[in-house]
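Since each chain sits alone in its own frame, please combine them into the complex, following the hints.
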Amino acid sequence: MTDRLKNFLWPLGFGAAFLGVWQMGWFHALLGLAPFQLPVPTEIVESLTLHLAKTLDDCAVTVSGALAGLVLGSALGFLAAVVATMFPKWGYGGLIVISALNAVPIVALSPIMNRWFSTGMEQKIGVVTVVTMAAMAINAYRGLTSLRPFSLDLMKSYAAPGSAVFFQLRLPNSLPGVFTALKINITSAMIAAIVSEYFAASTSGLGFGIKDNLRKAEMAMGWAYITVASVAGVILFLVIALIEKRVLRWHTSQTRG
Amino acid sequence: MKTNLWGVGLVWLVAVALAWEWGAHLLAVEFHDPMAGSKLPYLHAVVSTMVENSGVLFEAAEVTFTQAAIGFAMGGLIGYVLAILMSVSRTVERIAFPYLIVSQMIPVLGLAPIVFNLVRDMNASRMVIAAYITFFPVAANTLAGFKSVDDEKRTLMHSYAAGRTTTYLKLMMPFALPPLFAGLKIAAPLSVTASILVDMLGSKNGIGVKLLYALYGGNMDIFWASVVTSALLGVASYLAVLGAEKLVVPWETASGPGDGR
Chain D
1 MTDRLKNFLW PLGFGAAFLG VWQMGWFHAL LGLAPFQLPV PTEIVESLTL
51 HLAKTLDDCA VTVSGALAGL VLGSALGFLA AVVATMFPKW GYGGLIVISA
101 LNAVPIVALS PIMNRWFSTG MEQKIGVVTV VTMAAMAINA YRGLTSLRPF
151 SLDLMKSYAA PGSAVFFQLR LPNSLPGVFT ALKINITSAM IAAIVSEYFA
201 ASTSGLGFGI KDNLRKAEMA MGWAYITVAS VAGVILFLVI ALIEKRVLRW
251 HTSQTRG
Chain C
1001 MKTNLWGVGL VWLVAVALAW EWGAHLLAVE FHDPMAGSKL PYLHAVVSTM
1051 VENSGVLFEA AEVTFTQAAI GFAMGGLIGY VLAILMSVSR TVERIAFPYL
1101 IVSQMIPVLG LAPIVFNLVR DMNASRMVIA AYITFFPVAA NTLAGFKSVD
1151 DEKRTLMHSY AAGRTTTYLK LMMPFALPPL FAGLKIAAPL SVTASILVDM
1201 LGSKNGIGVK LLYALYGGNM DIFWASVVTS ALLGVASYLA VLGAEKLVVP
1251 WETASGPGDG R
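Chain order of the listed sequences is D and C.
Numbering follows the numbering used here, in which position 249 of the first sequence is assigned residue number 249; successive positions increment by one, without gaps.
Numbering follows the numbering used here, in which position 209 of the second sequence is assigned residue number 1209; successive positions increment by one, without gaps.
Isolated chain C (complex conformation) (with noise of 0.2 Å):
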């Protein structure tokens, strides 16, 4: 079963290629549109330019995906602690809860430019907006699965004269892990998206730098280099998150968020 999904995963991979090899070929030969180039041009002249340019485009990657993935350790472990002060305390729960919600129906990113305004500093603000981003995702999840923890399990644990603190590291934490990954994989492209996003605010450097340059710039081989590298990095990002699940919880099964319960 498992290696059947690889195959047809990767005969729709080749499909996708092909769509876009042949879409760039009616945009540029069959409609003569003059803007062929910029609208889509072909994926293997996009290959060859990321090839060609992997040196600086890896570079300003970095930059963008370091700054992203501090922020989303520094957000997702305040995410993490506020959610085991509102399990611990009610009234934590209280104040922070209805925030939580409403945090989660407005557009977050929306922020980033303010932010950018009062940080002033380029690094700081990707990992200050990367974290925020992180922060809510993990918090809201985290605290639901400790919540879903069944009440006989912790009554055992109460019979046995477990304390709080072991209660939390062999019970809680562990039966936590499957939502807290919930959150993280929600988060890991969205952080990666407000690095970027700041990139193109006004930074010296990254790839979302590289990708406005190349814009105004008319360098339209560079500007969907670039494009395609944004979009591995969010990528890469969430098959990160993926990795670290399947190292750390082993004995969920690859079913995703929402199923069973």
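Only chain D is shown next, with the shape it has when bound in the complex (with noise of 0.2 Å):
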């Protein structure tokens, strides 16, 4: 057996084996569960088939409000990461104030928008926004700053202009770091926009689902949009890893590999 083969047949036998001993009740026996607390993989996909169009469109409208965020948030970011390169000395502290950003609570930032906004996709994108800031404007900073040596000292030797520097070498510098941020953004825009969800003015979206479908004990439709968001999560994803792999063709962290 080769190893390629080898890589892909123990995950999926191991996932195969995790959800045929979920399918047969043992877990229920482990844990001590009622059949009605965790539905077996069967009731989770038979649910999802019979209210597909429902849950695909609560899918569009949490990806439609956290891709929103997610580009406004990379966006201010990035703006902060340049604003604190041209003023490196009091940049960075402003950077770090940014970065304190990160460790607010997404559930206590949440109500707040709530307060701001009155419908349930502004206070979704409200979120996100914040959330997805600071990851971008610290990884975009380093991008822009952390230059090979004597890259700057070179284009200095040219006479290059300040905007040459920026687009030429700062710019492309930057852009495995923005990827990073990108990926990191994508998941956590995810996360932020359903757990908005949860507490918003929201009648629709996956944390809507999620929520509703619990208070009516409809636990096979409650996994059914986890199982739908995190497939989701996993699309968008890739779809982020492929863009970088398109764009960053040139870099050395593509081609190494």
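Note that these hints are calculated values from the structure, not bench results.
Keep in mind that the hints are not guaranteed to be accurate.
Pair ranges (Cβ atoms, derived) [unchecked claim]: (1) C:Ile1078 / D:Ala17: 13 to 23 Å; (2) D:Leu154 / C:Leu1242: 47 to 57 Å; (3) D:Met86 / C:Leu1010: 18 to 28 Å; (4) D:Gly15 / C:Glu1030: 55 to 65 Å; (5) D:Gly32 / C:Trp1006: 47 to 57 Å; (6) D:Ala17 / C:Leu1077: 22 to 32 Å; (7) C:Pro1034 / D:Leu154: 58 to 68 Å.
Positions of the beta carbon are idealized from the N, C-alpha and C atoms, including for glycine.
Encoded structure:
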């Protein structure tokens, strides 16, 4: 058996075994759960196929909010990094202040946004924007400033104007960091959007779906929503990784491996 | 340089505080927003509410923070053990690694209500979710740390006739400490968030409950005081890990994760 095949078959086999054990109700026996508390995989798939259109609609709501917030937050974060690069002494301190935002729990942000905005979508975008700003600011700043030795001196010896230094040296150098931040942010954007929907004025979206179905004791449906959320998260992440591969074809981090 | 950075940080803090006061003033006086008190109250008002209610807030915060810390420790330990297992056994790595990668792409906090529904006990579910969230970044980062140990170093240990245990204790584990702390730094604020989320999903005590009750009761002073307290909890958890890192890994400079290599 080749290594490649082993890499593929082992996790697949484990996953299948896990689902099998779950389906046979061994987890219920182990954890002392009643069947209605933890639906088995076939029940989840059944609910999902039955309400596929509704779940996909909700998924579209959450994803569009997450993406809008991601774009807005990442743009603001990048802007902050650029400003910090231009004023190194004061800018770095400002970035530390922004990175403190990273530690503010989403669940505390969400009610504040509910005060500021009236619709669920605006509230969601607000939360995601704040959550995604810090990672982008810090990673972009690192890329914009940690240049290769002497590259800045070389640009100076060419008498390159500030704009050329920025667009031809700093900007390309920041791209790997920007994509690292985007990959971190896409997951946190989905989490923030879903958590915001738990508490916001939304009556649609994955978070609302999860909460509402659990409230109605429709466990299988709640699990179906979780499944859709996870699949959406993986797809979005892969899309960004794919774009990264295309854009950074020239970069060593891509050519080395 | 160091004192300079502290000075800059202090100036920024003062600037943010002034901007907050000014924003609240704008909202209340210039725009005559009737909701100004709930949208953005004066910072000094929030601080004085926090001081007045410090006993109650501290008690609630303590519940939330303690459970988060216990879950954080459990998740970190399990993640660390899994990383060791994966680095020792190729088969375990084959099985677990793809799931580790995928788990970093999915919105794990979305699972919180389901876990809460399954476990039913609020203290236990706070711990379970905090542990669950801590587990992945710790396992993934520590494994990456083990893998980045140079072959020459391992060969040297081998030539000293050092056994597997010695190699791990003297070489691999110290070497993987910086990535471990990088993982812990990601996980610490997240585990606090998880704990607060469980509060808000229907616990009886904790800072999230204070926040929610104040919100529904229309008590905006307490609401804002709770929000700021939660934010401080998140920052405190991060600083605690940072402090531990400074103690345990003093040779690593303060340059943060992802630098160098």
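Against the structure, the hints come out as follows:
At roughly 20 Å, the beta-carbon separation of Ile1078 of chain C and Ala17 of chain D lies within the given 13 to 23 Å, and the hint holds. Checked against the given bound of 47 to 57 Å, the beta carbons of Leu154 of chain D and Leu1242 of chain C, roughly 37 Å apart, lie outside it. Taking 18 to 28 Å as the suggested C-beta distance range, the pair Met86 of chain D and Leu1010 of chain C conforms, at roughly 22 Å. Judged by the Cβ atoms, the range 55 to 65 Å given for Gly15 of chain D and Glu1030 of chain C holds: they are separated by roughly 59 Å.
Look at Gly32 of chain D against Trp1006 of chain C: about 54 Å separates their beta carbons, and that is inside 47 to 57 Å. The supplied range of 22 to 32 Å is met by Ala17 of chain D and Leu1077 of chain C, whose beta-carbon atoms lie about 25 Å from each other. Between Pro1034 of chain C and Leu154 of chain D the beta carbon distance is about 59 Å. The supplied range of 58 to 68 Å therefore holds.
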